[in-house]
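Please construct the entire structure, taking both the sequences and the accompanying hints into account.
Just so you know, the sequences run in chain order A and B.
In terms of the working numbering, the first sequence opens at residue 61 and continues consecutively.
In terms of the working numbering, the second sequence opens at residue 61 and continues consecutively.
Worth double-checking, as some hints may not be accurate.
One copy or two, it doesn't matter: identical chains are merged, so the pair holds either way.
Simulated pairs of lysine-lysine, DSBU-like, Cα-Cα distance not exceeding 30 Å [as the list claims (entries may be wrong)]:
| id | residue 1 | residue 2 |
| --- | --- | --- |
| 1 | LYS115 | LYS142 |
| 2 | LYS151 | LYS226 |
| 3 | LYS115 | LYS105 |
| 4 | LYS175 | LYS105 |
| 5 | LYS175 | LYS115 |
| 6 | LYS151 | LYS204 |
| 7 | LYS226 | LYS105 |
| 8 | LYS151 | LYS95 |
| 9 | LYS204 | LYS105 |
No lab work stands behind these hints: they were computed from the structure.
All values reported here derive from a predicted model rather than from experimental measurement.
Number of protein chains: 2
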Amino acid sequence: MNIKSLICFITDGSDEESVLKALRSGILWIQYREKGLTRGEMFYKASRLREITRKFNACFIVNDHVDIAFIVDADGVHLGQKDLPLKEARKIMANSNKIIGISTHNLTEAIEAEKGGADYIGFGSIFPTTTKNDAVVYGLDTLKKVKSFVNIPVIAIGGINTDNVKSVLDAGCDGVAVSSGLLRGDVVENARRFLSIIEEVRQ
Amino acid sequence: MNIKSLICFITDGSDEESVLKALRSGILWIQYREKGLTRGEMFYKASRLREITRKFNACFIVNDHVDIAFIVDADGVHLGQKDLPLKEARKIMANSNKIIGISTHNLTEAIEAEKGGADYIGFGSIFPTTTKNDAVVYGLDTLKKVKSFVNIPVIAIGGINTDNVKSVLDAGCDGVAVSSGLLRGDVVENARRFLSIIEEVRQ
Ligand code: NI
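See below:
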């Protein structure tokens, strides 16, 4: 997998400037997640982010929309359990270097995603999160369990911030995905902290 | 263009049974338009409708979602002004037999769509419609004007029913798209009426 970073920034409607700050700070994995824009607007925004991420040689993933991921030549697509089936998405993202990630919320989904050929799974929510109000919280024990059953990279997601990221990494995940944990407060400062904690744990 | 019918049934959340009734009655052009379902659910429904329409050798178009249109091997995709740009959609629907239709609401959009390589345009609303509350009504004079400037097929849409369809066809459109005009009341009876009026006008 072409992932350049142990931390993925999920954009969640944030502006280009925040993405640029994250990239400049060394977060080289961006997932463009957007709700509420038209497909036309999303295409435009995704094209811009593809351009920008390319300049940083960063990994660029589009959430949900396989058509947009394909068209802007993203590095891959991230699918939820209610999105197009992995196998079908692969028909469009036929280039074998393309990444398909799957959101999972329990062991069954995680094993299923691996069997289906996912390149990585997102697993969560690990902690309560403001981004998705309806998210069920699983915690670090379930994360450890998933890690012991699944061989593809497991990316922890949900309520991860600079205060708790160490505990998540210590639980054995292969990376973390953050959104408000990066955006709340100073993006550059948060990014710096995330990366230095990751660096520490890795050693 | 592979369109098998001068009348297109836009499904708008109706069930398979209504689509089957339309097909059995001889309406051989189905546009799957759906709001409010997940992409996973839409994929499943579109797959079913693709199977069914194939049995009737009918034309099957998917509204908005280029990824789903591609994956289920629809005959084409219909795009609104706020959807993916035509040129980009064509990259996915690369098979040259695939149809791309564009919704237009004025002469500029209609000419633009033709220039951009659309296979047909939808033009409307011709009459007030219950399906789209915010639709602006243009009427038959504008339809005539569009027809005089555009060479690709112009499909009239918006509030068309068995009472007014003759006036729309007389205005010179190449076909009509209907939704509630077919669904309200008895689908089979409505279909029979639509088709007999079309047959009459054609002669
Ligand atoms: Ni889509």
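Checked hints:
1. Proximity of LYS115 to LYS142 under the C-alpha cut-off of 30 Å is restricted to the inter-copy arrangement: shortest distance 28 Å between copies versus 32 Å within a copy.
2. Proximity of LYS151 and LYS226 under a CA criterion of 30 Å is satisfied in neither setting, with 38 Å inside one chain copy and 43 Å between copies.
3. Taking the closest pair of Cα atoms, LYS115 and LYS105 come within 30 Å of each other only inside a single copy of the chain (16 Å); across copies the shortest separation is 40 Å, beyond that limit.
4. Proximity of LYS175 and LYS105 under a CA criterion of 30 Å is satisfied inter-copy only: 25 Å between copies versus 33 Å inside one chain copy.
5. For the homomeric pair LYS175 and LYS115, neither the shortest alpha-carbon distance inside one copy (34 Å) nor that between copies (33 Å) is at most 30 Å.
6. Proximity of LYS151 to LYS204 under the C-alpha cut-off of 30 Å is found in neither arrangement, the shortest distances being 32 Å within a copy and 42 Å between copies.
7. When the C-alpha separation of LYS226 and LYS105 is checked against a cutoff of 30 Å, the pair qualifies neither within a copy, at 32 Å, nor between copies, at 44 Å.
8. In this assembly of identical chains, the alpha carbons of LYS151 and LYS95 lie at most 30 Å apart whether taken from the same copy (24 Å) or from different copies (24 Å).
9. Taking the closest pair of Cα atoms, LYS204 and LYS105 never come within 30 Å of each other, the shortest separation being 36 Å inside a single copy and 37 Å across copies.
Consistency note: the structure conflicts with the earlier hints numbered 2, 5, 6, 7, 9.
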